[in-house]
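Undergrad: These are the residues of each chain, in order.
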Amino acid sequence: MLSVLVAKRLVSGVCQESLRPAVVELVTTRGYKGEAPDDSRGDIIEIPLPPWAEKDGETMDIKRRRLLFQSRKRGMLENCILLSLFAKQYLNTMNEPQLRQYDRLINEPSNDWDIYYWATEAQPVPDVYAGEIMDLLKEFTKNKDQEQRLDAPNLEYLDKGSQ
Amino acid sequence: MPRLFGMHLPAVSQSSRKLHFSVYGKNNSKVSDGMSTQYPVVDHEFDAVVVGAGGAGLRAAFGLSEAGFNTACVTKLFPTRSHTVAAQGGINAALGNMEGDDWRWHFYDTVKGSDWLGDQDAIHYMTEQAPHAVVELENFGMPFSRTEDGKIYQRAFGGQSLKFGKGGQAHRCCCVADRTGHSLLHTLYGRSLRYDTSYFVEYFALDLLMEDGECKGVIALCMEDGSIHRFRSKNTVIATGGYGRTYFSCTSAHTSTGDGNAMVTRAGLPCQDLEFVQFHPTGIYGAGCLITEGCRGEGGILINSEGERFMERYAPNAKDLASRDVVSRSITIEIREGRGCGPEKDHAYLQLHHLPPQQLATRLPGISETAMIFAGVDVTKEPIPVLPTVHYNMGGIPTNYRGQVITHTTEEGDKVVPGLFACGEAACASVHGANRLGANSLLDLVVFGRACAHTIADICTPGEKLSPLKPNAGEESVANLDKLRFADGNMRTSEIRVNMQKTMQNHAAVFRTGKVLKEGCDKMDAIYQTLDDIKTFDRGIVWNTDLVETLELQNLMLNAVQTINSAEQRQESRGAHSREDFKDRMDELDYAKPLAGQVRKPIEEHWRKHTLSTVDPKTGKVTLKYRPVIDNSLDAEDCAAIPPAIRSY
Chain A
1 MLSVLVAKRL VSGVCQESLR PAVVELVTTR GYKGEAPDDS RGDIIEIPLP PWAEKDGETM
61 DIKRRRLLFQ SRKRGMLENC ILLSLFAKQY LNTMNEPQLR QYDRLINEPS NDWDIYYWAT
121 EAQPVPDVYA GEIMDLLKEF TKNKDQEQRL DAPNLEYLDK GSQ
Chain B
164 MPRLFGMHLP AVSQSSRKLH FSVYGKNNSK VSDGMSTQYP VVDHEFDAVV VGAGGAGLRA
224 AFGLSEAGFN TACVTKLFPT RSHTVAAQGG INAALGNMEG DDWRWHFYDT VKGSDWLGDQ
284 DAIHYMTEQA PHAVVELENF GMPFSRTEDG KIYQRAFGGQ SLKFGKGGQA HRCCCVADRT
344 GHSLLHTLYG RSLRYDTSYF VEYFALDLLM EDGECKGVIA LCMEDGSIHR FRSKNTVIAT
404 GGYGRTYFSC TSAHTSTGDG NAMVTRAGLP CQDLEFVQFH PTGIYGAGCL ITEGCRGEGG
464 ILINSEGERF MERYAPNAKD LASRDVVSRS ITIEIREGRG CGPEKDHAYL QLHHLPPQQL
524 ATRLPGISET AMIFAGVDVT KEPIPVLPTV HYNMGGIPTN YRGQVITHTT EEGDKVVPGL
584 FACGEAACAS VHGANRLGAN SLLDLVVFGR ACAHTIADIC TPGEKLSPLK PNAGEESVAN
644 LDKLRFADGN MRTSEIRVNM QKTMQNHAAV FRTGKVLKEG CDKMDAIYQT LDDIKTFDRG
704 IVWNTDLVET LELQNLMLNA VQTINSAEQR QESRGAHSRE DFKDRMDELD YAKPLAGQVR
764 KPIEEHWRKH TLSTVDPKTG KVTLKYRPVI DNSLDAEDCA AIPPAIRSY
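Residue numbers (the working numbering), protein chains in the order written: chain A, 1 to 163; chain B, 164 to 812.
Chain A extracted, bound-state conformation (with noise of 0.2 Å):
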């Protein structure tokens, strides 16, 4: 379906140190497609959500278990590819603070649009999800080792059984 040629200008292109010019004046507006002003947010002030709590009492193989879940199965395409890979990469390798720090990052934000901005950079990162698992999302975003990206991994890597 894809050239080889197609293929490496793909990756190629993703190689940067920085995904998008910066642009200071954009830091609290997150723009929209139209003359319309600012986003108020007054729906997110006025109707807080019952506040995330982590989970009690899971043992570590449970919680990578429901991480690789939740992992996997996002709002959009652009999470669900972006974060199955990372989560193929290093969920099985994370330690107990690592595991609490990404479960935080992925399951307490409302809208799944930030993860996606701060992990390409578009957005700072508030800080109570600043940190190891950030920078290292951050990093593998910004896809160094020029890996193809055209879609989430499929589960069999957890196979044991097959290799």
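No lab work stands behind these hints: they were computed from the structure. Because the structure is a prediction, the values reported are computed rather than measured. Any given hint could be a false lead.
[Stated by the list, open to error] Selected chain B positions facing chain A (in silico; Cβ < 7 Å):
1. His345
2. Glu532
3. Arg655
Cβ atoms here follow ideal geometry from the backbone N, Cα and C, with glycine treated the same way.
Starting from the structure of chain A, add chain B where the hints point.
TA: Quick look at chain B alone, frame taken from chain A:
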């Protein structure tokens, strides 16, 4: 009583008895001792159960809870992570804030956009209700973007016109900055919690509980602990979204697996118009990520290998903002005629770099990231490689304009299925007919989610006693689950899935011809049979992603076979269904010529009719029937129906 995310623990307080039916599965000697093959079942009773927590599901759940119904919402995803969150466009409504507007013009645009396959009573209902629905959302707290004088800001979107197509571009799309989908979910979810809606999050609905042709609830798997739950109710609302994942390249998240359509199919009920799959003109070549129509609204243009803005030829007035099926078809024709871009000449270019970089950065920042990460392109310098990509399913579970699921026989006409409702992309009311207009989907979710709630409130009262259910209802679903959990055949889930996706991509994409479709049907049939030889590897029951993706594959297959078989049979081109061997629309009259003197063809001899498809799940054999389109509006005096005409932009 502990409350977590608004979820009661009703198993303790509300279920009448805990039923245990143990299904002893095939025990594999490799399974560890801790792995149980018993499936304890927990029963719940509710006044209403909604499956799916996207825009439509949440609107239905909220409406029901507000009306005093004890409502459960069963969802495989956390509500704000439903695919609705991806929607960045907006909601169409004839509020008239940017220029004079009339919902009847919106009605006309939608009927025309549907290529006269849409049911005009449902379209009347949706477009008339649209302004009320938007104002209602505003009152719930959705912070729509505003003009300087404080009115809701509205912008242009493809296919929207003034004065029945004669008054130029209409601006009726309302938005919340670029996160309309997210705001809708957040607002509805938050509000519904104040009315005590019970959310069962990360529960995978397996099947409907049907008895004597009536829907009595849903059976689901709790992913967190592997328990089975039966949600008994007089009213079940299906709002499970679309099934883009049947194709190799689509803009949908990996969650769009047609679960509701499949549940309805397994219950022996028909799905409608599945052959009508919308291809969004601009998905990124390769990954499939969507480049929003808003780009073209901001001035982006499509060009071919000769650098020509080819849309000027295909749609002289609307150009790049013509209806999606027109643009998708145009791109495909350019490629087929040898003017495609790239070394393989197999895609088109979306050019944005002629726009000022500042405008790009402020108005379309999300596009820059997506183009860079998934296409390796800097939009300020180069065009984005794009291709028509599967984006939306116009077809789905057939309902009337009130959200009630229907079946159809020639003798009796439409008949309501008691206890079953559907809304959103999963349903087919049908407001989008053969082709959906941009920004009409979010509207569809809200209006019909609301309609389901209203209809249930009209015909039921809270607290009504439930009719009895057979003690082993749902046992087949659990048996299927168990079978898949221990499946040890020769073909992996991912293998079968990619076979299905490639077949659909190669045989049932934008351009379709009889020979290629027939080959595709035969291939799909063979692939369907391979489900019996499937191999899974995760034998656990807690957070078993392999099992869930396999259940989703079963669901996708049922959608795929109906889609391709319906497409093969439909010998005409209408809306998104485009046949090279049958290029014209086949209506009951030839609307390209003067009507005087023409004889109306009987329904068996033309194609302006809905397809109703059913499948035998054991064999994968598809059976097709047809149903007339509803051509009258809800009130002929208030809103004249639009007679069919040739569709040009």
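Undergrad: B/Arg655 was flagged as interface toward chain A. Is the shortest Cβ-Cβ separation under 7 Å?
TA: holds, 6 Å
Undergrad: Less than 7 Å between beta-carbons is the criterion; does B/Glu532 satisfy it with respect to chain A?
TA: Result: holds, 4 Å to nearest chain A Cβ.
Undergrad: For the hint on B/His345, does the least C-beta distance to chain A fall short of 7 Å?
TA: At about 4 Å, which falls below the 7 Å cut-off, the nearest Cβ of chain A leaves the hint on B/His345 intact, so it holds.
Checked against the numbered hints given earlier, this structure breaks none of them.
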